[in-house]
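Take the sequences, apply the hints, and build the full model.
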Amino acid sequence: MYKLFCGGFSKEPDCVLLQKDNILLTIPFDPANTDYQAYLKWLEEGNTPLPADE
Amino acid sequence: MTMGITSPTSNTGQILKNGSAVISFDANNNATFAGNVAPTVNSTFRNRIINGAMVIDQRNAGASINPTDGQFSVDRFVIFRSQASKLTAQQNAGSVTPPAGFSNYLGITSSSSYSVVAGDYFLVSQRIEGYNMADLAWGTANAKTITLSFWVRSSLTGTFGGSLQNASQNRAYPFTYTISSANTWTQVSVTIPGCTDGTWSTTNSEGIGLYFGLGVGSTYSGTAGSWVLNTSLFSATGATSVVGTNGATFYITGVQLEVGSVATPFEQRLYGTELALCQRYYYVIASGSGYISNAAAQTTTNAFGMYTLPVTMRTSPTGSVVTGTNYYRFLANDIDDYVDSVYANGQSPNNIIIGNSTQISNTQGRPGVFTATNAASFVAASAEL
Chain A
1 MYKLFCGGFS KEPDCVLLQK DNILLTIPFD PANTDYQAYL KWLEEGNTPL
51 PADE
Chain B
1 MTMGITSPTS NTGQILKNGS AVISFDANNN ATFAGNVAPT VNSTFRNRII
51 NGAMVIDQRN AGASINPTDG QFSVDRFVIF RSQASKLTAQ QNAGSVTPPA
101 GFSNYLGITS SSSYSVVAGD YFLVSQRIEG YNMADLAWGT ANAKTITLSF
151 WVRSSLTGTF GGSLQNASQN RAYPFTYTIS SANTWTQVSV TIPGCTDGTW
201 STTNSEGIGL YFGLGVGSTY SGTAGSWVLN TSLFSATGAT SVVGTNGATF
251 YITGVQLEVG SVATPFEQRL YGTELALCQR YYYVIASGSG YISNAAAQTT
301 TNAFGMYTLP VTMRTSPTGS VVTGTNYYRF LANDIDDYVD SVYANGQSPN
351 NIIIGNSTQI SNTQGRPGVF TATNAASFVA ASAEL
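From first to last, the protein sequence lines stand for chains A and B. Each residue of the first sequence is one higher than the one before, starting from 1 at the first, in my numbering. Each residue of the second sequence is one higher than the one before, starting from 1 at the first, in my numbering.
Keep in mind the hints are simulated off the structure, nothing from the lab. Among the clues, some could well be false.
Here are the simulated lysine to aspartate or glutamate pairs, EDC-like style, with alpha carbons at most 20 Å apart [stated by the list, open to error]: (1) LYS41(A) / GLU206(B); (2) LYS20(A) / ASP340(B); (3) LYS3(A) / GLU44(A); (4) LYS41(A) / ASP69(B); (5) LYS20(A) / ASP69(B); (6) LYS11(A) / ASP53(A); (7) LYS3(A) / ASP21(A); (8) LYS3(A) / GLU54(A); (9) LYS3(A) / ASP340(B); (10) LYS11(A) / GLU54(A); (11) LYS144(B) / GLU206(B); (12) LYS41(A) / ASP14(A); (13) LYS3(A) / ASP53(A); (14) LYS144(B) / ASP197(B); (15) LYS3(A) / GLU45(A).
What follows is the structure in structure tokens.
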């Protein structure tokens, strides 16, 4: 399950995390990134990511 | 203008223009040109395939993989498969002697005797970035002919197949080649006319997809030798299925895709150059225990630092981190904060943040370093196509 995340100094989510078995992917919001494209497709299918931690 | 050739009085000679030597030949058959030499085809960087000699293997370091669909073997070469556990992939699998002039190859070994069904595909592929094929002018009336060449060896003989496709997979060119002798390296050359229509990227997205079929069902197989519209094809009808024979092998190296209708000798690039070309798409930041990056505690629980990537990547990269109990550590003022994971958040094609925000208890503002503490620790940046 994708989870929104605020990396670095960011106060707003600037990436999504995806844990696959023992691998943590950190996917930036870059339209040319193919992992981000897969995330957008997942959203289009009606899914919702977990919110970022407070 | 007059042209002439000097009368040979010895084993030297000249070609003359208006009485002056344009090309001079010495006794050792060396030629000297009076002006510049301007070949119509690049003499360097002819090959649009990266890591065609299968030298770089950042992800697996020579280990065998039972690939998931879309998992990379050697750098830039990805395995696509519709069924699990039908093949393995490994740099130099089987430890045979590569063709002369090569030190490495990509080896595929069939894990079973599997009969492909219509929708199946088992493929070795490389996707070429649009920037690296823009000069081919594909999708226009001026599309250039290309030639694909490679060395291949298989325990099977017969007709094998592959294809080129655009990213939308609505322009495909299936091709065939023949392996006549089992377990013998064979050099293959396939000339393909440029595609004059369809959409072909000329920027940082996928331009050409090159596919070698290892077993492809009828849905994704088509007639070889011409461009096919509006159908995704990965191979040619009737091609040999490697996954159909348990233990069958398919080894490949020296993959070159170049402009023109002739296969020139494989372009051997310097190791550092080839590695840098690979690092545009994938870069290992840390593997095993050791230093990762400088960082600082931004709060009492949140530390991060910026890592500068050595090569401008294709996009802001995805961070990929192997996680496990106490696999990483934030070390500041001799205080060890062990953490199970770090995040690697690509900020641009040039840098990535390494940080942790869940398991650190330190002093705000304190500088430190992130280190990897386990042999299995692994941090990488990926901007693959």
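Discussion item. Given the hinted pair LYS20(A) and ASP69(B), is their Cα-Cα distance within 20 Å?
Written reply: The given pair, whose Cα atoms are some 14 Å apart, holds under the 20 Å limit.
Item to complete: Would you mind confirming whether the straight-line C-alpha gap from LYS3(A) to GLU45(A) stays at or under 20 Å?
Response: Satisfied, since the Cα-Cα distance of roughly 16 Å is no more than 20 Å.
Worksheet item: Going straight from one Cα to the other, do LYS3(A) and GLU54(A) come out at no more than 20 Å?
Response: Within the cut-off at roughly 13 Å; holds.
Worksheet item: CA of LYS3(A) to CA of ASP21(A), is that 20 Å or under?
Response: Measuring from Cα to Cα gives roughly 15 Å; hence the hint holds.
Worksheet item: Is LYS144(B) close enough to ASP197(B), meaning Cα to Cα at most 20 Å?
Response: 12 Å, holds
Worksheet item: Is the hinted pair LYS3(A) and ASP340(B) satisfied, with a Cα-Cα distance of at most 20 Å?
Response: Given pair LYS3(A), ASP340(B) holds - Cα atoms ~18 Å apart, limit 20 Å.
Item to complete: Quickly compare the C-alpha distance for LYS11(A) and GLU54(A) to 20 Å and report which way the hint goes.
Response: Answer holds: LYS11(A) to GLU54(A) is near 10 Å, not above 20 Å.
Discussion item. With the threshold set at 20 Å, check whether the alpha-carbon distance from LYS41(A) to GLU206(B) stays at or below it.
Written reply: Measuring from Cα to Cα gives roughly 18 Å; hence the hint holds.
Practice prompt. Would you check the hint for LYS3(A) and GLU44(A), treating anything up to 20 Å between C-alpha atoms as holding?
Written response: Judged against 20 Å, a Cα distance of about 16 Å means the pair holds.
Fill in: 20 Å limit on alpha-carbon distance, applied to hinted pair LYS3(A) and ASP53(A)
9 Å, holds
Fill in: 20 Å limit on alpha-carbon distance, applied to hinted pair LYS41(A) and ASP69(B)
18 Å, holds
Practice prompt. Could you grab the alpha-carbon distance between LYS41(A) and ASP14(A) and see if it respects the 20 Å cut-off?
Written response: At roughly 18 Å apart (the allowed maximum being 20 Å), ASP14(A) and LYS41(A) satisfy the hint.
Of the numbered hints stated above, none is contradicted by the structure.
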